[in-house]
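Quick mapping for you: the protein sequence lines, in order, are chains A and B. Residues 1 to 351, numbered by the numbering used here, are exactly what the first sequence covers, in order. Residues 1001 to 1524, numbered by the numbering used here, are exactly what the second sequence covers, in order.
One should not assume that every hint holds.
In silico negatives: residues of chain A with every beta carbon more than 10 Å from chain B [what the hints assert, rightly or not]: (1) Pro-28; (2) Arg-160; (3) Gly-170.
Here are the simulated DSSO-like pairs of lysine-lysine, each with C-alpha atoms no more than 30 Å apart in a straight line [what the hints assert, rightly or not]: (4) A:Lys-2 with B:Lys-1488; (5) B:Lys-1478 with A:Lys-3; (6) B:Lys-1090 with B:Lys-1116; (7) B:Lys-1310 with A:Lys-4; (8) A:Lys-4 with B:Lys-1280; (9) B:Lys-1167 with A:Lys-2; (10) A:Lys-279 with A:Lys-194; (11) B:Lys-1095 with A:Lys-3; (12) A:Lys-258 with A:Lys-228; (13) A:Lys-305 with A:Lys-326; (14) B:Lys-1488 with A:Lys-4; (15) B:Lys-1024 with A:Lys-7; (16) A:Lys-228 with A:Lys-279; (17) A:Lys-326 with A:Lys-346; (18) B:Lys-1488 with B:Lys-1478; (19) B:Lys-1079 with A:Lys-7; (20) A:Lys-7 with B:Lys-1280; (21) B:Lys-1280 with B:Lys-1167.
Please keep in mind that the hints were generated in silico from the structure rather than gathered at the bench. Even glycine gets a Cβ: it sits at the ideal position worked out from N, Cα and C.
One-letter residues, chain by chain:
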Amino acid sequence: MKKKVFKIILLAAIVIATLGLLQALLVPKYIEENEEGVLAGEYYANAGSNDVLFVGDCEVYSNFSPITLWQEYGITSIIRGTPSQTIWQSYYMIEDTLRYETPKVVVYNVFSMQYDKPQSEAYNRLALDGMKWSKVKYNAIKASMTDEETVTSYVFPLLRFHSRWSELRGEDFKYMFRSLQLSHNGYVMRVDTKPVTELPQPVPRADYSFSETDWYWLNKMKDLCTAKGIKLVLIKSGSCYPHWFDEWDKQIVDYAEKNKLTYINFLQHQSETGIDYTKDTFDAGLHLNLSGAEKSSRWFGTFLKDMPGVTDRRDDKGLTNLWNAKIDFYEAMKASQYKQLEETGKVTSYR
Amino acid sequence: MSFVSFTFLAFLAAVFLLYYLIPKRFQWMLLLAASLVFYAFAGPTYLIYMAVTILSTWGAAYAMDRVWTRQDEYLKDNKELSREDKKAYKAAQKKKARLFLALCLILNLGILAVIKYTGFVLQNINNIFGTQIRILRFALPLGISFYMFQSLGYVIDVYRRKYPAEKNLAKCALFTSFFPQLIQGPISRFDYLSRTLYGQHDFDGRQFAFGFWRVLWGFFKKLVIADRLAPVVVTLTGKAENYPGVFVLGTILFYGLQIYGDFTGGIDITIGVAQMLGIKVTENFDRPFFSKNIAEYWRRWHITMGTWFKDYIFYPLSVSQGMIKLSKWSREKLGPQIGKRLPVYISTILVWLATGIWHGAAWHFIVWGLLNCVVILISQELAPLYRRFHERFAFSNTRAWDVFQVFRTFWLMGMIRVLDVYKDVPTTFKMLGTIFTTPNWGKLFDGSFLKLGISGADYLVVLFGTLVMFFVSLAKGKGDVREMLAEKPAVPRYICIWLLLAAVLVFGAYGIGYDAAQFIYNQF
Chain A
1 MKKKVFKIIL LAAIVIATLG LLQALLVPKY IEENEEGVLA GEYYANAGSN
51 DVLFVGDCEV YSNFSPITLW QEYGITSIIR GTPSQTIWQS YYMIEDTLRY
101 ETPKVVVYNV FSMQYDKPQS EAYNRLALDG MKWSKVKYNA IKASMTDEET
151 VTSYVFPLLR FHSRWSELRG EDFKYMFRSL QLSHNGYVMR VDTKPVTELP
201 QPVPRADYSF SETDWYWLNK MKDLCTAKGI KLVLIKSGSC YPHWFDEWDK
251 QIVDYAEKNK LTYINFLQHQ SETGIDYTKD TFDAGLHLNL SGAEKSSRWF
301 GTFLKDMPGV TDRRDDKGLT NLWNAKIDFY EAMKASQYKQ LEETGKVTSY
351 R
Chain B
1001 MSFVSFTFLA FLAAVFLLYY LIPKRFQWML LLAASLVFYA FAGPTYLIYM
1051 AVTILSTWGA AYAMDRVWTR QDEYLKDNKE LSREDKKAYK AAQKKKARLF
1101 LALCLILNLG ILAVIKYTGF VLQNINNIFG TQIRILRFAL PLGISFYMFQ
1151 SLGYVIDVYR RKYPAEKNLA KCALFTSFFP QLIQGPISRF DYLSRTLYGQ
1201 HDFDGRQFAF GFWRVLWGFF KKLVIADRLA PVVVTLTGKA ENYPGVFVLG
1251 TILFYGLQIY GDFTGGIDIT IGVAQMLGIK VTENFDRPFF SKNIAEYWRR
1301 WHITMGTWFK DYIFYPLSVS QGMIKLSKWS REKLGPQIGK RLPVYISTIL
1351 VWLATGIWHG AAWHFIVWGL LNCVVILISQ ELAPLYRRFH ERFAFSNTRA
1401 WDVFQVFRTF WLMGMIRVLD VYKDVPTTFK MLGTIFTTPN WGKLFDGSFL
1451 KLGISGADYL VVLFGTLVMF FVSLAKGKGD VREMLAEKPA VPRYICIWLL
1501 LAAVLVFGAY GIGYDAAQFI YNQF
């Protein structure tokens, strides 16, 4: 009997292990395409000592540089942004972060308040697949799923990505068990420039009111931060396109006033930040480039450094060593991207 | 709850676990509960239709059984009765039993006729008479044609005194609703299924493993072959006029493979799941694509439906008073040759008409049924000619000739089968005609087939899957493939199973990006 049980366990272990290998091979590696897919997972290697947490969509991971905040003010910060991150995903990013550390300030970019439904399965995957398994991840999945998705396919990504067998490339084998770091504490660097020449006319909406769903999650986020003694700061990041309507802005202003929260609309502080949209964006206004992100961060740092609990931590030797390594990686990527720009006229790879 | 869903797999896991944990005497009750839950997933209101079938068949069988029991007791107690009196008494009892049978048949077939065929009939009345009667369409309860025919077979068997009625209403309900075979059959017989359905089953590792392998094999056929080909068939038949000639040959081939993978795959899952529960379900296929003629094909494809129509329609019709009279009349008036054939032919035509109608309320199903019938009857008539041909030409008794016959039957049956997928009967015949008028052979080589909804890699998967299916079918001719596999040493055996599992998981057409096709036979 014992032998039989051992045989069954061994067999099950072999099947699970081999299917695990198959899964590791077939899941996307986000090395040459959709690189932002690694962002959610990169957090865990950088968790533990961050005073400021940024959550939101691409407007946070493109427009702020934690390295600048460290270099200029000794502020430890991390960005947990993912493409088209919805407000409920931002909420769960905060909850997940609280499992590893308790930041003093959470910065939420309100641009995603306009979405009250899951945007697409692809965006969900980019935000959720990288999260470590916990009840928080499960809840995030449940809140985010489109009609066609199933929780099972998140538990066993093989069931979702099995059809990639026909598009496997060298990187799928090479990066089966490791990944290439993309971000700098969540910041995704781009050094190239594509100036804003003409902004598309915004399409008027029939109704500018944010939905009940969004307010529900914003209240939940506020309550969570209050319960944990965290200051919640609302921002509208400095991307000038897609359009941020005045009607939306007013609702956030009112909400912040009512709940005694700070709200900063970077679009209204262009002179203070020094953002020049002919030089500081890499895609004609959608996202800031390195120069823009550093300007933004430098200005925002003057505000953050005065927040309760946020201190200059450059005296901490351990932290300094850690951030020096991050700075080295930052500078190396910067150099690499400038080299690409010089040689080919464009940035073809982040790394 | 589709067989190819995570919900079904979770449901199965729960059923298996409970089934082997609870006291064995409750196992059949668990199956009944599981079956009702399974059916409720399709729509709770459908349970009402099923309840009507269960109650009416149980009631009718129970009443007939009482008639027969009383008859036996009466005859036992009254042995002194004359032969004539006994005969008269029996006739009176039979009349009573027939009344119960008739009521049950009328009620059930009436429901089936109303919900399945009202729209079709009204549509045709409007078309023929130019009327504007509002077309009523009813939602068709899942698997109604399957469970109803299975239950009616049981009632007829009780009427024929083949076996006594099942007195327990809950057991009767389980026979009708047994979840693995609800979606697409097979149409089981009570005497066979009940032997294991109500039994008490210990966990048997070997049977469980065999059942699991069969389920896996079913998923392979359904997900790797059938569902991968589904988009091609939809493209080829959606705008049929854009795909003449060689594309029609493609439709015949691909739809043949699709329906084979889909239907036999589904039945493999059914039989495998039942086996994992220790229950034996009748086989429904016997390597049909190896048939050498259409009649043989129909003895090997959807066997339980064929035997149902044979046992409950063809034979009773052939020996009915009306047919006997017709036979007598035709022998006198039309001669012995025609006289002998006429009743058989009429019965055959009626059976095929019923088979077509059973498949669905549409003209293409009726034409499909009648075409099968015509081919079978012609083959029957030409049988002497074939015999002479075989006697005369030695090559017709070779292996190569057998292969030719198999090939011919596949394509002939395929040409009839595509009536299912083209939008109507005229389109089907028009498209079949283009094989000869505008074959466009060049389209085979200019990449046109790669623009039908699947890629070259997908075709390779289909080819690989079909080859595996072919060789497994060949091996099946020598016995149960699972038995052969079980005799192999552990390592190659488990590698085979793992490869099958991995092939289903990796090459299966399921999940996002694939519109997982419903089982085709669900609709019937």
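Exercise. Hints broken by the structure, by number, lowest first?
Worked result: 2, 5, 6, 7, 9, 11, 16, 19
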